Structure formats: C-alpha cells, structure tokens
Amino acid sequence: MKRRDRIIKPVRGIGRALDKDRQRQQQSSHMSAMRSTGVAEKQAAKSVLEQSSLDTFIADSEMSQATFEATRGERFKEEGPQLVTGNTLVEAASLAEDRYAAVKNLKVPIPWRPPWSEGMDTEELISQEGAAFLEWRRELARFEENEGVVMTPYERNLDFWRQLWRCVEKSSLVVQILDARDPEFYRSRDLECYVNHFKSKQFMLLLNKADFLTPEQRKRWIVYFKNIGVDILFFSALRELHRQERLPSQAAEDSDMPGHGCLLQDDPDISDCSQLLRELHSRISAIGNGVEKGTVGFVGYPNVGKSSVINALFGAKKVSMSRTPGKTKHLQTLELVDPSMTLCDCPGLVFPSIVATKAHLVINGTSSLDLLRDAIAPARLVVQKIGLPAIMEKYGVTEAALRDGTERLGEDGG
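For reference, each letter of the sequence shown is one residue, going 1124 to 1537 in my numbering.
A hint or two may mislead.
DSS-like mimics (lysine-lysine), calculated; alpha carbons at most 27 Å apart, straight line [stated by the list, open to error]:
no.: 1; residue 1: Lys-1293; residue 2: Lys-1481
no.: 2; residue 1: Lys-1230; residue 2: Lys-1143
no.: 3; residue 1: Lys-1416; residue 2: Lys-1322
no.: 4; residue 1: Lys-1508; residue 2: Lys-1349
no.: 5; residue 1: Lys-1230; residue 2: Lys-1324
no.: 6; residue 1: Lys-1349; residue 2: Lys-1230
no.: 7; residue 1: Lys-1293; residue 2: Lys-1322
no.: 8; residue 1: Lys-1322; residue 2: Lys-1342
no.: 9; residue 1: Lys-1342; residue 2: Lys-1508
no.: 10; residue 1: Lys-1322; residue 2: Lys-1230
no.: 11; residue 1: Lys-1293; residue 2: Lys-1342
Cβ-Cβ distance ranges computed for the label pairs, FRET-style [unchecked claim]:
no.: 12; residue 1: Glu-1292; residue 2: Glu-1270; range: 46 to 54 Å
no.: 13; residue 1: Asn-1228; residue 2: Lys-1322; range: 23 to 31 Å
no.: 14; residue 1: Asp-1305; residue 2: Leu-1494; range: 19 to 27 Å
no.: 15; residue 1: Asp-1305; residue 2: Arg-1496; range: 19 to 27 Å
Derived from the structure by calculation, the hints contain no laboratory data.
This structure is a prediction, so every number in the text was calculated from the model and none was measured.
Where a beta carbon is used, it is the ideal one built from N, C-alpha and C, also for glycine.
Taking the hints into account, I'd like the entire structure generated from these sequences.
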C-alpha cells in the first residue's frame, strides 16, 4: 500500500492582507489629493482644464466631504427619443448667438481665497479653501444655467489657484499680462476686483507682444480701455530681448524663433525696459505704505509671455522661457537691484470665460496642441478671422488646387 504524500499549500493570507492594505493606502492617497486639490493624485502637479463627469462628481464629493446612502426600489422613467431637425439646430444656434451677444460683457467669477489667519490649523485651512473652491465651481454651473451660456475649459487644479492667491498676497502691484492681439480674451475682470479689494495693492494691465499691432490698432485699443476707465501699457518682450541680443540666432531653425512682428523699429507708444521699470517703481512708491522695497506680481494666461517679460527686465535669463503653454509650474520670486524691487512670476492660469470657445483657446496658444482632438473648429475659426484669400496667398494655394481638394474631400469636407 503506497503512502500518499500530503501536499502543503502555501499560506496566502498574509499576501492578500498586504495587497489589500496597499490598495487602501493608494485609495486614501487618491482621495486625499482629490480633497486638497480637486483633481486626481497623478494630476496634482499638472494643469487640468477638463474633467469627466465622474471625476467632477468625485472631486466635489471629496471637497465637500459628503456621504451617500444607497437607495433601493427607485424607478426612473426613460424618455423616448426626440426628433432634432435642421431647423431646430439653426434656431438653437441663433438663440445661442443672441444669448452670447447679451452676456459677453458679464464678469465671470474666479475663486477668491477665504479669510484665514496665521494661527489656523493646516487641515482647517485646506478644508476652508476646498469648500470655497467647490462653491465657486457650483457658482459657475449656476452661471451657465441661469445665463444660458457654455463655460470654456478653465483651471480645475486648486493648487494653481493657491499659487495665484499667494502671488497676489505677496505683491504690492499685480500686473496682468495680456496678449495684445486679443486683450479682452485674456483679461479677467474679477481678478481686477480681487486685487482691488486689498486696500494696499494696485493693479495694471500690460499688453505684451505689441510688435504684432500697427500704430493704428494700438491707438484704437488705448481709446477703448480709456473709455472704460482702465489704464494699460504696451510692451514687447521679444523686441527687448532682440535689442539685448538674447534671441535665438537667425541662422538657427525657424522652430527656435517665436512668431513676432517688426523687432527693429521704435514706437513711442510701446514701452521699453527702462520705461516699464520706471512705471512699475513709481506705482509701488505711490502706494505709500512705508515699504521701501515692493513686489510686483505677474499673472495671466499661459503663453502670454510672463517669463519673457521678466527675462527682458533682468537683462539676463532668470526664468525658464518656452513656447509650450504653462511652462512655469511654480511660483518664482526674483530680486531686482536697480530699481529695488522683487518680481514674482505666477504659473499661467486659464481663467473661466464665456467670451471664447475651445477653438479660441487653441488658436490663441492657451491650450497645448498635444491635447488637441479636433483641428477642424480651430482651422475654421482662423479662416473666419483672417479670410480665405489671405490664407491662400500666404501658403501659395491656387483656386484650382482648392477646387481639386474640395472635390476629393466631398462637399462636406471643406
């Protein structure tokens, strides 16, 4: 009679327990990131402009620390399909256009930092900031519903807004940098209100990339902003860097050279570095709070040239420059000797807006092309703004080639 050897099975209980513990820790870390920043843990250090409905729901739940109970036995009635005709779409588009014309001048809110004190506990501060951020997101949702408009993608990572708050709190003068080619697109009116609610701070608009504009265009913008009581200053960081001989060599590849207007001529309505520094110093001195050395904070959308402006003012490369939107990821402060002031570079922020569509974000360089999923809408917007004849002339496209391309793509392809 043969003896059967007993097979000893490995004990797996400890492995399963360790695996479950690791999963719980990962889930806890993920939820902690959601609670403190409003985005997933892997996105905590990144700019996040859009979220899925599920991510938005989870983030809102974590920031509000909501609890849920399962409900059983509820029944939902599914509505039948509805017919959408061409006339329906035209009518809807017409109504949307009318609503847009009526509300385009409304002030779209940004999140304001809630009141805080030095002795406040860290967890309490994070909780208050998260609650204020959540309420702001709900306010934007109500804004969309009540006004009948669609909000463009905006920054959903609370940490990026925290850096804006710190930049404003550090600064005596806050400079919002706008792209001179489309200033109203980049302007945040509620940011002006947020800065002005601090009694000891000043605010100004700096229209960078002014080399793209003609003297007549700059004159019209000056009149426009003067009529609404807003003081502006024109500047061209690229022109100043060119004067300092700090641009990529002309022999280098074209990809190394950013797009620009005329860099050689002098325009009396475009400030140079010396004039801008004098203006900044005079505004800080006018505050009159007894501070000998003030801080100037530079804020704005990605890719408007904040880092380039600071580099031009320093006369030597001090902060990272890039043509990729959102290169600056963290708040940076730099000391300027003469005149004595500190320059503070805030990471670029995509502010909420109803003035533009997603296509506007793409053609204005605010949204990275790496994230582009639809190239048709931006291309159509460029054609609409510039005109088809100008584009055909720029790229040497003949009418015969255009007709041939249309026939190849079909009637709907163009």
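Checked hints:
At roughly 32 Å between alpha-carbon atoms, Lys-1293 and Lys-1481 are farther apart than 27 Å, so this suggested pair is violated. Straight-line distance between C-alpha atoms of Lys-1230 and Lys-1143 comes to about 49 Å, which puts the hinted pair past the 27 Å bound. With a C-alpha separation of about 18 Å, the suggested pair Lys-1416 and Lys-1322 falls inside the 27 Å cut-off, and the hint holds. Only pairs whose Cα atoms come within 27 Å are accepted, and Lys-1508 paired with Lys-1349 is accepted, the gap being roughly 26 Å.
Pair hint Lys-1230 plus Lys-1324 holds up; C-alpha atoms about 21 Å apart against a cutoff of 27 Å. A distance of roughly 19 Å separates the Cα atoms of Lys-1349 and Lys-1230; the hinted pair therefore holds under the 27 Å criterion. As the CA atoms of Lys-1293 and Lys-1322 are separated by approximately 14 Å, the hinted pair is consistent with the 27 Å bound. With a C-alpha separation of about 31 Å, the suggested pair Lys-1322 and Lys-1342 falls outside the 27 Å cut-off, and the hint is violated.
Distance restraint check for Lys-1342 and Lys-1508: the Cα-Cα separation of roughly 21 Å lies within the 27 Å cut-off, and the hinted pair is therefore satisfied. With a CA separation close to 21 Å, the supplied pair Lys-1322 and Lys-1230 stays within the 27 Å bound. A threshold of 27 Å between alpha carbons decides the hint, and for Lys-1293 with Lys-1342 the separation of about 33 Å lies outside it, so the pair is violated. Here the CB-CB span from Glu-1292 to Glu-1270 is close to 31 Å, at odds with the stated 46 to 54 Å.
Taken as a hint, the range 23 to 31 Å holds for the pair Asn-1228 and Lys-1322, whose Cβ atoms sit roughly 27 Å apart. A hinted range of 19 to 27 Å holds for the C-beta pair Asp-1305 and Leu-1494, which are about 20 Å apart. At roughly 23 Å, the beta carbons of Asp-1305 and Arg-1496 sit within the given window of 19 to 27 Å.
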